[in-house]
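Student: Chains as they are written, first to last, in our numbering: chain B, 628 to 829; chain L, 5 to 131.
Source of the hints: derived by calculation from the structure; they are not laboratory data.
The beta-carbon is built from N, C-alpha and C at its ideal position, and this holds for glycine as well.
Accuracy of the hints is not assured; some may be wrong.
Have a look at the derived ranges for each label pair, beta carbon to beta carbon [to be verified]:
#, chain 1, residue 1, chain 2, residue 2, range
1, L, GLU66, B, ILE697, 17 to 27 Å
2, B, ALA722, L, GLU82, 11 to 21 Å
3, L, ILE7, B, GLY758, 21 to 31 Å
4, L, LYS105, B, ARG686, 23 to 33 Å
5, L, HIS9, B, ALA722, 17 to 27 Å
6, L, ASN37, B, PRO698, 40 to 50 Å
7, B, VAL725, L, ASN117, 12 to 22 Å
8, L, ALA130, B, MET726, 21 to 31 Å
9, L, PHE129, B, ALA791, 11 to 21 Å
10, L, HIS9, B, GLN811, 31 to 41 Å
Selected chain B positions facing chain L (Cβ under 7 Å, derived; list incomplete) [said to hold, decoys possible]:
#, residue
11, THR715
12, THR717
13, VAL725
14, HIS806
15, ILE824
16, MET827
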Amino acid sequence: MKRPAAKQSAAPSLTDVVRLAEISAAASQAFSQLLDSTIVREMRDIAAHIAATKREIGRLQANDIKNVHIPAAGNELKAVTQSTEAATNTILACAEAVMATDASNPARYKALVDEKMLQIIEACAFQDMTGQRVSKVVETLQHIEARVASFAAAVRAQDAPGPASEAERERAERRRRLHIHGPQDGGAAKDGRQTEIDKMFD
Amino acid sequence: MAIDHAMPVLVVDDYSTMIRIIRNLLRQLGFENVDDASDGSAALTKMRNRRYGLVISDWNMEPMTGYELLKQVRAAPEFSRTPFIMVTAEAKTENVIAAKKAGVNNYIVKPFNAQTLKTKIETVFAA
Numbered sequence: 628m629k630r631p632a633a634k635q636s637a638a639p640s641l642t643d644v645v646r647l648a649e650i651s652a653a654a655s656q657a658f659s660q661l662l663d664s665t666i667v668r669e670m671r672d673i674a675a676h677i678a679a680t681k682r683e684i685g686r687l688q689a690n691d692i693k694n695v696h697i698p699a700a701g702n703e704l705k706a707v708t709q710s711t712e713a714a715t716n717t718i719l720a721c722a723e724a725v726m727a728t729d730a731s732n733p734a735r736y737k738a739l740v741d742e743k744m745l746q747i748i749e750a751c752a753f754q755d756m757t758g759q760r761v762s763k764v765v766e767t768l769q770h771i772e773a774r775v776a777s778f779a780a781a782v783r784a785q786d787a788p789g790p791a792s793e794a795e796r797e798r799a800e801r802r803r804r805l806h807i808h809g810p811q812d813g814g815a816a817k818d819g820r821q822t823e824i825d826k827m828f829d
Numbered sequence: 005m006a007i008d009h010a011m012p013v014l015v016v017d018d019y020s021t022m023i024r025i026i027r028n029l030l031r032q033l034g035f036e037n038v039d040d041a042s043d044g045s046a047a048l049t050k051m052r053n054r055r056y057g058l059v060i061s062d063w064n065m066e067p068m069t070g071y072e073l074l075k076q077v078r079a080a081p082e083f084s085r086t087p088f089i090m091v092t093a094e095a096k097t098e099n100v101i102a103a104k105k106a107g108v109n110n111y112i113v114k115p116f117n118a119q120t121l122k123t124k125i126e127t128v129f130a131a
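So that you can see chain L by itself, here it is in the shape it has in the complex:
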């Protein structure tokens, strides 16, 4: 599947600095249409109002974690096929297995670089 760089991308993280970093990296990769949310529930609200082509989410947030967001996204027919990449400091194998089981498309461990983000996005859209 070719990547549509004009698609809206939703970045979910409770740290505004991390949102700013990912937003800059995405801009360098050609994605200008980037939106953000500070936790899973805020992300779900935004997703109900706008169709996103990609969700990039942190795991550990309150009140709703990225893991809970992923499960809710996959459970909702209207979002179930939205590509979802987890970007997190949670690096344990049990986390990756849980995320895979919940339907994540790919998984990036913080700290990460632009090349890793680029590769993961390309992998997700090539699948």
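Looking at chain B on its own, in the form it has when it is part of the complex:
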């Protein structure tokens, strides 16, 4: 059998291949340089942002807040609770003693009432101390608020939606389900709340 004649070859010459390789190498080098400078610029931006964030985290002084300010505020509030409780118990004890005393001997009764009234007046001195302690706690909260606000502004913080933890979510759910809100601003007497509630039972 006669073999068919080979087709005329259009294959590039070695010179063509070398030339193509040179063009390709030049193009890829330019692209690489462009890519490198973009990446370097972005990496520099990221590094600067990280450095700035680290500076802001340092300024937040989170350890100082956690180890010094929060425990100190907690101790102040604990002292407030203890002193108000002690004063209340003293006042209640005085009132109970007066109410339980036989008033048939006016002179003795007056002496006891005078003594107990003096104790009540002395017990009321707790208000000055608790006022000062509460002022210190308010100062602490303002200090923390300023630091956190500065940090949030610097890092352009965006709050994640929802509760911060499962425990917080459960507490919030319990409060919602059981209608727990705590005392309202202004107190009951100030806004005549009892009168409004009374109308709901008429």
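Following the hints, complete the assembly by docking chain L onto the known chain B.
Tutor: Chain L in isolation, oriented as in the chain B frame:
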């Protein structure tokens, strides 16, 4: 209904000072037979052992709130008619509505005075 001042009264609050205050006010109103519990579950335990003529309860307590106590009291046939007064700092309308729906007889907002407590007790027993 005339008020029986000898009836046992159960005061439920997690603050011993508030229990002491209410106990003193009740004594001034003529109620000497006063018992106390520190939360709803402790109150239920006491109620199962003694028949109380009146329950005066705080709302916000742990583990069992006064609101949960109220619902359990109303759900139990043996306690369902026991007069129940809520004494609480929870002053929102939604709280009062929820308590009314659960069967509370009256509602006092803290801080309160002896006259308010007296009036509420009289109202509950006059109904």
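Student: So which of the earlier hints does this model not fit?
Tutor: 2, 3, 4, 9, 12, 13
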